[in-house]
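Protein chains: 2
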Amino acid sequence: MSPEQTAAALDAIPQPLVLIGADMRIAAMNARASELFRVAGIGRHYATVLRNPAVLDAIDAVLKGDRPGTARFYTGDSREGTWRVSAIPVRGDGGMMLSFEDVTDVEHAGQMRRDFVTNVSHELKTPLTALLGFIETLRGPAREDAAARDRFLEIMEKEAARMNRLVSDLLSLSRVETTERLRPTEKLSLREIAGTVVNAVRPMADAADVVLRLETEEGLETSAFDVMGDPDQLQQIVLNLVENAIKYGASGGEVTIRLSLREREAVFRGPGVQLDVIDKGEGFDPIHIPRLTERFYRVDTHRSREQGGTGLGLAIVKHIVSRHRGRFRIESAPGEGATFTILLPAA
Amino acid sequence: MSPEQTAAALDAIPQPLVLIGADMRIAAMNARASELFRVAGIGRHYATVLRNPAVLDAIDAVLKGDRPGTARFYTGDSREGTWRVSAIPVRGDGGMMLSFEDVTDVEHAGQMRRDFVTNVSHELKTPLTALLGFIETLRGPAREDAAARDRFLEIMEKEAARMNRLVSDLLSLSRVETTERLRPTEKLSLREIAGTVVNAVRPMADAADVVLRLETEEGLETSAFDVMGDPDQLQQIVLNLVENAIKYGASGGEVTIRLSLREREAVFRGPGVQLDVIDKGEGFDPIHIPRLTERFYRVDTHRSREQGGTGLGLAIVKHIVSRHRGRFRIESAPGEGATFTILLPAA
Numbered sequence: 000m001s002p003e004q005t006a007a008a009l010d011a012i013p014q015p016l017v018l019i020g021a022d023m024r025i026a027a028m029n030a031r032a033s034e035l036f037r038v039a040g041i042g043r044h045y046a047t048v049l050r051n052p053a054v055l056d057a058i059d060a061v062l063k064g065d066r067p068g069t070a071r072f073y074t075g076d077s078r079e080g081t082w083r084v085s086a087i088p089v090r091g092d093g094g095m096m097l098s099f100e101d102v103t104d105v106e107h108a109g110q111m112r113r114d115f116v117t118n119v120s121h122e123l124k125t126p127l128t129a130l131l132g133f134i135e136t137l138r139g140p141a142r143e144d145a146a147a148r149d150r151f152l153e154i155m156e157k158e159a160a161r162m163n164r165l166v167s168d169l170l171s172l173s174r175v176e177t178t179e180r181l182r183p184t185e186k187l188s189l190r191e192i193a194g195t196v197v198n199a200v201r202p203m204a205d206a207a208d209v210v211l212r213l214e215t216e217e218g219l220e221t222s223a224f225d226v227m228g229d230p231d232q233l234q235q236i237v238l239n240l241v242e243n244a245i246k247y248g249a250s251g252g253e254v255t256i257r258l259s260l261r262e263r264e265a266v267f268r269g270p271g272v273q274l275d276v277i278d279k280g281e282g283f284d285p286i287h288i289p290r291l292t293e294r295f296y297r298v299d300t301h302r303s304r305e306q307g308g309t310g311l312g313l314a315i316v317k318h319i320v321s322r323h324r325g326r327f328r329i330e331s332a333p334g335e336g337a338t339f340t341i342l343l344p345a346a
Numbered sequence: 000m001s002p003e004q005t006a007a008a009l010d011a012i013p014q015p016l017v018l019i020g021a022d023m024r025i026a027a028m029n030a031r032a033s034e035l036f037r038v039a040g041i042g043r044h045y046a047t048v049l050r051n052p053a054v055l056d057a058i059d060a061v062l063k064g065d066r067p068g069t070a071r072f073y074t075g076d077s078r079e080g081t082w083r084v085s086a087i088p089v090r091g092d093g094g095m096m097l098s099f100e101d102v103t104d105v106e107h108a109g110q111m112r113r114d115f116v117t118n119v120s121h122e123l124k125t126p127l128t129a130l131l132g133f134i135e136t137l138r139g140p141a142r143e144d145a146a147a148r149d150r151f152l153e154i155m156e157k158e159a160a161r162m163n164r165l166v167s168d169l170l171s172l173s174r175v176e177t178t179e180r181l182r183p184t185e186k187l188s189l190r191e192i193a194g195t196v197v198n199a200v201r202p203m204a205d206a207a208d209v210v211l212r213l214e215t216e217e218g219l220e221t222s223a224f225d226v227m228g229d230p231d232q233l234q235q236i237v238l239n240l241v242e243n244a245i246k247y248g249a250s251g252g253e254v255t256i257r258l259s260l261r262e263r264e265a266v267f268r269g270p271g272v273q274l275d276v277i278d279k280g281e282g283f284d285p286i287h288i289p290r291l292t293e294r295f296y297r298v299d300t301h302r303s304r305e306q307g308g309t310g311l312g313l314a315i316v317k318h319i320v321s322r323h324r325g326r327f328r329i330e331s332a333p334g335e336g337a338t339f340t341i342l343l344p345a346a
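From first to last, the protein sequence lines stand for chains A and B.
Read in order, the letters of the first sequence correspond to residues 0 to 346 in numbering that gives the first Met the number 0.
Read in order, the letters of the second sequence correspond to residues 0 to 346 in numbering that gives the first Met the number 0.
If you are wondering where the hints come from, they were derived from the structure by calculation, not from laboratory data.
A few of these clues could be false.
Unchecked claim - Residues from chain B that keep clear of chain A, each with C-beta distances beyond 12 angstroms, as calculated: (1) 4; (2) 16; (3) 38; (4) 39; (5) 108; (6) 115; (7) 181; (8) 188; (9) 194; (10) 238; (11) 275; (12) 281; (13) 296; (14) 330.
What the hints assert, rightly or not - Derived DSS-like pairs (lysine-lysine); straight-line CA-CA distance at most 30 angstroms: (15) B:124 to A:317; (16) A:317 to A:124; (17) A:124 to A:246; (18) A:279 to A:246; (19) B:186 to B:317; (20) B:124 to B:317; (21) B:317 to B:246; (22) B:279 to B:317; (23) B:124 to A:124; (24) A:124 to B:279; (25) A:317 to A:157; (26) A:157 to B:317; (27) A:157 to B:124; (28) B:124 to B:157; (29) B:157 to B:279; (30) B:186 to B:157; (31) A:124 to A:63; (32) B:124 to A:246; (33) A:124 to B:157; (34) B:317 to A:124.
Said to hold, decoys possible - Rough simulated footprint, nothing fancy, chain A against chain B, three-plus residues with beta-carbon under 8 angstroms: (35) 121-134; (36) 153-163.
Every residue gets a Cβ at the ideal spot worked out from N, C-alpha and C, and that includes glycine.
Start from the sequences, fold in the hints, and give me the full structure.
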């Protein structure tokens with residue numbers, strides 16, 4: 000192989016690579032490495048090019064002991080990230096190969112898991128403390144007070160029910176993630192699912208003085224709204240959206256579930272089925288939209304908890320829609336209600 | 000570079016690599032790739048060597064569109080794992096470079112997180128269901144029954160307290176993981192910590208009819224047991240071990256906390272401080288030992304819950320000991336009690 004061929008071959012490897020010769024000068028460096036170190040340093044002494052202390056330490060380990068050295072370092076610039084570097088001696092050459100592995104995502108996943116645990120714990124801590132307080136009061140000071148007992152037990156039931164929903168939502172989310180790469184294989188009508196959900200939440204809407212409307216384009220068969228889906232999961236997302244609309248958009252007095260067909264949806268390169276859940280409530284600042292599907296993110300934490308919300312409903316919707324290769328969009332503005340849209344490829 | 004030099008350079012890259020020439024024959028293959036595919040196929044057509052369908056598909060994608068192709072495949076043999084393969088065209092050559100990235104650990108981390116969420120949810124589900132049931136009964140059938148109320152409230156308090164401990168343990172574990180790479184910098188005496196813990200658990204031991212003993216080698220200063228540590232974390236692990244010994248080894252009637260010095264501990268290449276927590280209770284089958292520090296693993300789930308255990312205590316001990324660069328060992332046999340040993344490098 001010519002040096003040009005070797006260089007081209009190294010450039011076709013996605014990891015940054017730096018080959019150091021026996022003279023401690025850089026013999027080769029692929030395009031990814033030049034990008035990472037912002038310099039093409041062929042022919043120069045390695046220490047003048049790779050100035051990161053962790054990288055230099057890994058090289059020292061090889062020079063001292065002729066064994067692979069590893070280190071971990073952070074790039075603090077626009078391509079911020081964490082890299083694991085291995086320095087491995089090159090056989091019969093006296094030099095070594097440095098290869099860099101991007102472990103940013105792995106580190107990020109660990110951080111996300113810890114944040115998740117912290118969030119779940121805090122979500123549970125408050126209602127548990129309240130429950131323990133009420134139990135203590137009922138066993139002591141309010142032991143003989145029937146009125147206080149009724150009041151406390153009512154609040155306790157609400158708190159315990161919300162914790163129970165939180166646990167159910169955690170399990171749902173976990174199950175959805177497990178299936179996220181499996182494409183659903185059942186053909187079903189989004190129109191029928193919307194009908195089932197509307198019947199199920201009718202009592203809740205009545206209690207909140209909200210008129211529920213289900214709108215479909217005229218003259219279409221139920222099967223026109225067929226998608227490939229998981230029935231339980233699709234029912235759950237429509238339920239989550241309609242319940243949210245009733246809880247947070249009740250002041251508008253009506254919630255509309257609208258089904259429509261998109262003949263040619265660019266993102267699918269084909270036809271799509273669209274479901275909008277529209278409320279005429281207070282709406283919210285669109286600044287929240289990008290973060291609304293994050294776990295435990297809420298526009299108004301106090302209000303969400305008051306309503307028994309777990310902070311996981313829209314995260315579940317996002318994951319289920321993603322499993323169905325669909326799109327999920329949110330639109331809102333203060334005073335203008337909110338529209339939550341699911342778009343799925345037509346079957 | 001000579002072909003030998005190129006081969007040696009590729010062998011010094013930790014990822015498996017296969018270079019395919021314009022003639023679709025394998026031009027180079029590093030040692031890691033030969034190991035992965037169990038064949039050194041230089042000069043042969045790629046399809047006769049790389050028979051994995053996912054890998055062949057990735058290559059096809061490049062051949063059809065001249066763009067990088069990626070795939071993910073599983074090796075089902077002794078080196079079972081998940082690999083992400085990228086096929087990238089080699090500039091001016093007509094061939095391509097295949098590089099394989101081991102994503103087994105990343106996939107495993109995702110699975111562990113989901114298992115963790117499932118476990119936490121199940122741990123909470125049972126006591127929550129019980130609480131909700133009691134609340135309902137207290138609001139309905141048992142509304143006027145003072146005796147039932149007292150009994151139920153007592154159980155409810157126990158369940159809520161256990162959930163509260165579970166949440167606290169989850170937060171502890173999360174905090175310990177966050178600090179696991181930071182070496183503790185405070186010098187403190189394990190002897191003093193053991194003394195503090197013994198005083199704190201004395202009432203619990205008395206209630207369980209257990210005699211607590213703190214034994215130290217004669218004639219040694221408190222500072223002889225100095226280690227570099229985090230005071231809260233070290234106190235927590237000693238507390239966890241002593242509480243466990245009282246809870247599960249009470250039938251033995253005594254629990255001994257023994258402090259000793261190891262002049263030359265091979266694992267540290269230096270002196271160590273050892274703390275044993277010894278009970279004379281029923282003990283357990285040593286078959287459980289390797290899994291005891293896993294989250295939510297229990298020798299006897301029912302009994303652990305009865306005792307208010309969260310299933311996280313020993314996982315916390317393991318992580319804290321690991322942060323302190325120490326060793327944690329467990330010994331037991333049915334009928335012979337149990338010994339839990341912490342060994343830390345002496346300061």
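Problem set entry | 30 angstroms Cα cutoff - pair residue 317 (chain A), residue 157 (chain A) | Holds: residue 317 (chain A) and residue 157 (chain A) sit about 27 angstroms apart, inside 30 angstroms.
Exercise. Are the Cα atoms of residue 124 (chain A) and residue 246 (chain A) separated by 30 angstroms or less?
Worked result: 24 angstroms, holds
For this session: Against chain A, does residue 238 (chain B) hold up as non-interface, every C-beta pair farther apart than 12 angstroms?
Result: 20 angstroms, holds
Exercise. Taken at face value, is the distance from the CA of residue 246 (chain B) to the CA of residue 317 (chain B) at most 30 angstroms?
Worked result: With Cα atoms ~19 angstroms apart, residue 317 (chain B) and residue 246 (chain B) stay inside 30 angstroms; holds.
For this session: Starting from residue 157 (chain A), check that the Cα of residue 317 (chain B) is at most 30 angstroms away, please.
Result: With Cα atoms ~37 angstroms apart, residue 157 (chain A) and residue 317 (chain B) exceed 30 angstroms; violated.
Exercise. Taken at face value, is the distance from the CA of residue 246 (chain A) to the CA of residue 124 (chain B) at most 30 angstroms?
Worked result: Roughly 25 angstroms separates the two Cα atoms, so the pair holds.
For this session: Take a quick look at residue 275 (chain B) and tell me if its Cβ sits farther than 12 angstroms from every Cβ on chain A, holds or violated.
Result: For residue 275 (chain B), whose nearest Cβ neighbour in chain A is about 31 angstroms away, the distance exceeds 12 angstroms, so it holds.
For this session: Could you grab the alpha-carbon distance between residue 124 (chain B) and residue 317 (chain B) and see if it respects the 30 angstroms cut-off?
Result: 26 angstroms, holds
Exercise. Is it correct that the beta-carbon of residue 181 (chain B) has no partner in chain A closer than or equal to 12 angstroms?
Worked result: 14 angstroms, holds
For this session: Decide if the proposed pair is consistent with the structure: residue 279 (chain B) and residue 317 (chain B), CA atoms, cutoff 30 angstroms inclusive.
Result: 23 angstroms, holds
Problem set entry | Closest CB of chain A to the CB of residue 16 (chain B) still more than 12 angstroms away | Since the minimum Cβ distance to chain A is about 7 angstroms, residue 16 (chain B) lies within 12 angstroms and the statement is violated.
Exercise. Within 30 angstroms, alpha carbon to alpha carbon, are residue 317 (chain B) and residue 124 (chain A)?
Worked result: Status holds; Cα separation ~25 angstroms.
When held up to the earlier numbered hints, the structure conflicts with 1, 2, 5, 6, 24, 26, 30 and 31 and fits the remainder.
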